[in-house]
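*Asks:* All chains, please: the whole structure from these sequences, using the hints.
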Amino acid sequence: MARKRDIAIGVIIAVCFLFFVGIMLVSFMEMYGGDSDLFAFEDRIAIVDVVGAITSSDEVVRQIKKYGDDGSIAAILIHVDSPGGGVAVTQEIYDELMRVRIEKEKLIVVSMSSVGASGGYYLSCAADQIIANPGTLTGSIGVILDYMILEGLADKVGISHETIKSGDVKDVGSPWRQPTEKDRQMLQAAIDDTYEQFVEVVMEGRNLTREEVLEIADGSIFTGRQALDLGLVDRLGSYEEAIRITAELVGIEGEPSTIKERPRRRATLWDVLQGTVLGFVEERVLAPGPELKYLFR
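Here the sequence shown is numbered in the working numbering, starting from -17 and rising by one per residue.
Source of the hints: derived by calculation from the structure; they are not laboratory data.
Treat each hint with caution, since some may be false.
Pairs of lysine to aspartate or glutamate, EDC-like flavour, derived with a Cα cap of 20 Å [unchecked claim]:
| no. | residue 1 | residue 2 |
| --- | --- | --- |
| 1 | Lys147 | Asp110 |
| 2 | Lys47 | Glu133 |
| 3 | Lys242 | Asp51 |
| 4 | Lys164 | Glu133 |
Pairwise CB distance ranges (calculated) [stated by the list, open to error]:
| no. | residue 1 | residue 2 | range |
| --- | --- | --- | --- |
| 5 | Pro245 | Glu186 | 53 to 59 Å |
| 6 | Arg279 | Gln160 | 21 to 27 Å |
| 7 | Asp40 | Val151 | 29 to 35 Å |
| 8 | Asp128 | Gly233 | 43 to 49 Å |
Glycine included, every Cβ here is placed at the ideal spot set by N, Cα and C.
*Replies:* Have a look at this one:
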């Protein structure tokens, strides 16, 4: 009887162990896209998506750091389809790309899809190579800052608002009052400084003179083909061509092994609608103040 009990306990433990391993394996597989080669352990190309408006850097920086620390990764391909976004979060992605490129000696290549403009272009300047489609919209080198003024609307619906502050510009960007000339001067100074930072990044990343950058850094957008003539990108090519070019640059022969994280959960229609509405409310109504943006509109 005791022997049968021991066998039964052993079987239960084995089944539980296999069940646990199965769950871990499925979870691991779910993290990566179908084109990933999970069983190749050297000379792989990691692919990181930067898609949509850049409102946070956490996820992209996490992936770049992970692949930078992985000895099996020969190159990181950044797939950009973004009009840009917040200045600070864009700079955080750029800084991490530069760190991995220099300290970890990883080849960084950018493949631009439909849009790689403003902040999308800013972070692309950290790459060794920028590849765009002929019809990609890129450029839009500049800074924008805007915010809503609800003073008139509040008056119409009978809403009053009072601010007690320590200085004249402490509530700069408040939607409850008109901006003063002092407000405008201060905000313009901040825009000018972050614009200068953008210009310097393009100069360094694209090996252009200040004069060459200033000629095109007025917010203008360019097609991929125009950008190639201006020295803003290195080559024209599709996403698949960018993978092949990246493989050639690091000496990978044949079909390259790629690795790419899969989104943890697919967005539903409700997620999209909820995100759109909440995003508008957070940005336009609840935002603590104006935000500097490298953003193409």
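*Asks:* Compare the structure with each hint and give your call.
*Replies:* Do the hints match the structure? See the list:
The hinted pair formed by Lys147 and Asp110 fails the criterion: a straight-line CA distance of about 48 Å is larger than 20 Å. A hinted pair counts as satisfied when its Cα atoms are at most 20 Å apart, and Lys47 with Glu133 does not qualify at roughly 45 Å. For the proposed pair Lys242 and Asp51, the alpha carbon gap of about 15 Å is at most 20 Å, so the pair holds. Only pairs whose Cα atoms come within 20 Å are accepted, and Lys164 paired with Glu133 is accepted, the gap being roughly 19 Å.
Distance hint check: the CB atoms of Pro245 and Glu186 are about 33 Å apart, inconsistent with the given range 53 to 59 Å. For Arg279 and Gln160, the hinted distance range of 21 to 27 Å is satisfied, since their beta carbons lie about 23 Å from each other. At about 31 Å, the beta-carbon gap between Asp40 and Val151 stays in the expected band of 29 to 35 Å. For the pair Asp128 and Gly233, the beta carbons lie near 47 Å from each other, so the given range of 43 to 49 Å is met.
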